[in-house]
Amino acid sequence: MDENKTHVISALVLHKPGVLQRVAGLFTRRGFNIETITVGPSENEGLARMTIISKGDEKVLEQITKQLNKLIDVIKVRDLEPGITVKRELCLIKVHTVTEKARSEVIQYTNIFRGRVVDVSPETLTVEITGDPEKIEALIDLVSVFGIKEIARTGPTAITRGTKTI
Amino acid sequence: MCIGTSGPGATNLITGIATAYMDSSPILAIAGQVSSHLIGNDAFQEVDTIGITMPITKHNYQPMKADEIPGMIKSAFYIAGTGRPGPVVLDLPKDVQEEEFEFESAKDMELPGYKPTLKGHPKQLKRAAKLIQESKKPVILAGGGIILSGATEELLQFANVINAPVSTSLMGKGSFPEDNPLSLGMLGMHGRKVSNFIVDECDCLIAIGCRFSDRTTGLLSKFAKNAKILHIDVDPAEIGKNVDVDVPIVGDAKTVLGDLINVFDPKPELKQEWLNYVKDFKNSCIPRLSFNEVPLKPQQVIKELSEAITDDTIVTTDVGQNQMWMAHYFDVNNPRKFISSGGLGTMGFGFPAAIGAKIAKPNNDVIAVCGDGGFLMVCQDLATIKEYDIPVIIVVLDNRHLGMVAQWQKLFYDERMSQTHLGESPDFVKLAESFGVKAERIKKPGEMKEAIKRAIKSGEPYLLDVIIDPNENLPMVPPGCGITEIVGEYKVEREYPDEIVVKASAKENGGD
Ligand SMILES: Cc1ncc(C[n+]2csc(CCOP(=O)(O)OP(=O)(O)O)c2C)c(N)n1
Ligand SMILES: [Mg+2]
Chain L
19 MDENKTHVIS
29 ALVLHKPGVL
39 QRVAGLFTRR
49 GFNIETITVG
59 PSENEGLARM
69 TIISKGDEKV
79 LEQITKQLNK
89 LIDVIKVRDL
99 EPGITVKREL
109 CLIKVHTVTE
119 KARSEVIQYT
129 NIFRGRVVDV
139 SPETLTVEIT
149 GDPEKIEALI
159 DLVSVFGIKE
169 IARTGPTAIT
179 RGTKTI
Chain D
71 MCIGTSGPGA
81 TNLITGIATA
91 YMDSSPILAI
101 AGQVSSHLIG
111 NDAFQEVDTI
121 GITMPITKHN
131 YQPMKADEIP
141 GMIKSAFYIA
151 GTGRPGPVVL
161 DLPKDVQEEE
171 FEFESAKDME
181 LPGYKPTLKG
191 HPKQLKRAAK
201 LIQESKKPVI
211 LAGGGIILSG
221 ATEELLQFAN
231 VINAPVSTSL
241 MGKGSFPEDN
251 PLSLGMLGMH
261 GRKVSNFIVD
271 ECDCLIAIGC
281 RFSDRTTGLL
291 SKFAKNAKIL
301 HIDVDPAEIG
311 KNVDVDVPIV
321 GDAKTVLGDL
331 INVFDPKPEL
341 KQEWLNYVKD
351 FKNSCIPRLS
361 FNEVPLKPQQ
371 VIKELSEAIT
381 DDTIVTTDVG
391 QNQMWMAHYF
401 DVNNPRKFIS
411 SGGLGTMGFG
421 FPAAIGAKIA
431 KPNNDVIAVC
441 GDGGFLMVCQ
451 DLATIKEYDI
461 PVIIVVLDNR
471 HLGMVAQWQK
481 LFYDERMSQT
491 HLGESPDFVK
501 LAESFGVKAE
511 RIKKPGEMKE
521 AIKRAIKSGE
531 PYLLDVIIDP
541 NENLPMVPPG
551 CGITEIVGEY
561 KVEREYPDEI
571 VVKASAKENG
581 GD
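Sequences listed follow chains L and D, in order. Add 18 to a position in the first sequence, counting from 1, and you land on the number used in our numbering. Add 70 to a position in the second sequence, counting from 1, and you land on the number used in our numbering.
Where hints are given, some of them may not hold.
With a cut-off of at most 20 Å between alpha-carbon atoms, the simulated EDC-like pairs for lysine to aspartate or glutamate come out as follows [claimed, not checked]: (1) L:Lys34 with D:Asp284; (2) D:Lys311 with L:Asp137; (3) L:Lys182 with D:Glu169; (4) D:Lys185 with L:Asp137; (5) D:Lys185 with L:Asp75; (6) D:Lys311 with L:Asp97; (7) L:Lys77 with D:Glu180; (8) D:Lys144 with L:Asp75; (9) L:Lys105 with D:Glu517; (10) L:Lys94 with D:Asp284; (11) L:Lys94 with D:Glu180; (12) L:Lys88 with D:Glu170.
Hints listed in this document are in silico derivations from the structure and should not be mistaken for laboratory results.
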C-alpha cells in the first residue's frame, strides 16, 4: 500500500462562519497534513462543499475522515477515489514578457494548454489555466524561463464522475 | 453547568472545559462576551472564547441575537449529553444578554451533522461473539464509557456469561465491582500487577468504552500482543486510533452489551483453566495495605478510609500520587462513586469536584482525597463550603511534596530534586479553621478511621490533614515500557492468604 498517498477529501459542511476554522484547526491540532483546501457553495442552499487535499497512509486518512465527521457542522465526508474523480484547479500566472518573442511564445504555450490570456501590460502577460494540477505544473515549468512574477492557484476542487453523489 | 464572566472569567473556565473534554463529561459552560459591536476590537475583557474553546469542546455557540439563545441552549444540552458526552460552550455577548425578545421555546433542533450511532451492527456482533467463543484467555477492559452509558449491570451480566476477568482504566473504576472475584483492578502505568499481567497474557481483549490512552496501555507495540482485540465505543474515531482492532463495534455500551449477551448461542464454554490461573495470580499479588508505622503509609490511610465509609460514599481524588494511591489501593464497587481527572490530570480537581458531587447528591457522604499541592491550588473554596454549608470532607494526603513529580525525579532524573519540596507552610488545620471549617491532624495508624467517622457524623465541612511518608513510592511502569515492566517493589499483602476466599467461583456463575 502507498504509505503517503495523496487523498482528495470532499466534505459537505454547514455554510456558516467558523466552519473553515473548525476544519483547519482540527487538521493542525491532530497533526494531519493539509496540502490545499477549497470551499464554496454547494447545490444545497445552506451547505458548502470543501475539497481538501491531504497526504497520509490509510490509517491517517481513516482518522481524518472520522474526526471530520465528529464536527457538528460537518454533514458528510468522503474520500474521493482517483479513478472516479474529476479534479480541477485554476491558476493565474503573471509572466515577465518584455520581448516580442517572449510574448508570442507564452501565448503559444497558453493556447496549447487551452489556457487564456486574461491581462496584458507592456511588461507582463497574465494567463489563466484550468485543469489537473499536473498540467498546471507543466505550463508553469514551460513559462518559467521567461521569469514568473506572480502565481495564484486555487488548489483543486473535485467531484465524482457519473451519477453518483456524496 | 458553569458560568464565567468575559475575558479572564472565560479563560479561567478553560482548564475545567478541557478536563471535561478529555474525560467526556457533559457540561454546558456559559461565558460572557463583550457587546457584539465591540467584538474584534480588543475591547476591555475581550477574548476569543470561540476560537480558544474550539479544540476542547464538542461544540460551541455564539448567539448574535437573543432569539437564537433558546435553540442553542436546547442543542447544547442535547449535544453535551448524547453520544460520547462532552462540554459545550455558549459565548454570550453582553448586548445579547440584555436584549429583550418574545420567548418561544425552541422548536426542533437542526443538527443534520450529528447522529450518534447507538446500536451495534448485527454482523459485527456476530463476529464479536465468534471471537469470544473461540478464545481461550479472554479479558474485558472496561472504561469510563460503561459508567457514562449506565451499562454496569450489563457489564456484570456479560462478564458472567462469558466468564472473563475484568480490568478497568482509571475512568472505568466503578464500572465493575472491585470486590467481585472476576475483578482485576485498574490497568496501566500505576495499575494492579494482576491487571497488567493478565491483560498482557490474554488472547482476546474486549475493550468497552475506553480509548486506550498511553497511561493505560504503556508501550503500544508491547500491549496485549497475543490478543485479538474487540473494541466497542460510541465514538467511531476512538476505534483504531491507538490500537489496531480486529472487530470494531460502534455503539452505546449499554445497547451493545445488551445485544451481545443475546447473540451467544450456545453460551461460551467455561474457561476453567484460565480462570484458575487468573485467580492464583491474583491471590499471589494482593497489594499490601496494612502498615503499622509513623509517618503513616498512604496504603494504611486508604485502608482505614475504606473501613470508615459505605458503598454509597462518593470519593473524589486530586491528581498525583494521592490519585494513583486511591486508584490502585481503594476498591470501588459502584458507578459514579469514584470521581477523578483522568485524561487531563488536572491538579485542583478533587475538592471542587467533591463540592459538585455533594450538591448533586446531598444524601451521599462525599470525600475529597487531595494532595497538599493540588489542594493549595483551590483552597479558597473552603469559603464556598463554609458559606453555603456544603458538608464535604477533605482529606489532604500531606507529604509536603509535589509527590508524583518528586517520584519521577527520584526514579528517572538521578534524584535531582527540583521545585518539588513544598516547605513547611501552610498549616492546613489552621488554614481550614481560618475559614471556619473544622479540621484535625492525623499522624498515627488507627486515627484516620475514627476521624472520618467523626467528620461524617458532624454533618459539617471538615478537613483532615493526614501526615504521610513522603518517601513512599507507587509501583509504576516507566514511560516507554510494556505494562509488565513494573519498577519498584510491589508490596504484597501475604502470599495465598487464607481469609481471601474467592466467593463465587466462575463455575457457580453459570457457563453451562
Ligand atoms: C494544574 C497542574 N499543574 C501541574 C501538574 C503536574 N503534576 C502532576 S502531579 C503533580 C504533583 C502533585 O502534588 P500534590 O498535589 O502534593 O500530590 P502528591 O503527588 O504529593 O500526592 C504535579 C505538579 C498537574 N497535573 N496539574
Ligand atoms: Mg503532595
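Verification of the hints:
Note on Lys34 (chain L) and Asp284 (chain D): the hinted pairing is violated, with a Cα-Cα distance of about 37 Å set against a maximum of 20 Å. For the hint linking Lys311 (chain D) to Asp137 (chain L), the alpha-carbon distance of about 50 Å lies beyond 20 Å, and the restraint is violated. The hinted pair formed by Lys182 (chain L) and Glu169 (chain D) fails the criterion: a straight-line CA distance of about 47 Å is larger than 20 Å. For the hint linking Lys185 (chain D) to Asp137 (chain L), the alpha-carbon distance of about 49 Å lies beyond 20 Å, and the restraint is violated.
A C-alpha spacing of about 27 Å is found between Lys185 (chain D) and Asp75 (chain L), which places the hinted pair above 20 Å, so the restraint is violated. With a C-alpha separation of about 18 Å, the suggested pairing of Lys311 (chain D) with Asp97 (chain L) holds against the 20 Å cut-off. The suggested pairing of Lys77 (chain L) with Glu180 (chain D) is violated, with an alpha-carbon distance near 32 Å, which exceeds 20 Å. Distance check on the hinted pair: Lys144 (chain D) and Asp75 (chain L) sit about 39 Å apart at the alpha-carbon level, beyond 20 Å; violated.
Among the hinted pairs, Lys105 (chain L) with Glu517 (chain D) is inconsistent with the structure: their alpha-carbon atoms are about 75 Å apart, more than 20 Å. A C-alpha spacing of about 31 Å is found between Lys94 (chain L) and Asp284 (chain D), which places the hinted pair above 20 Å, so the restraint is violated. For the hint linking Lys94 (chain L) to Glu180 (chain D), the alpha-carbon distance of about 15 Å falls within 20 Å, and the restraint holds. About 34 Å separates the Cα atoms of Lys88 (chain L) and Glu170 (chain D), which puts this hinted pair outside 20 Å; it is violated.
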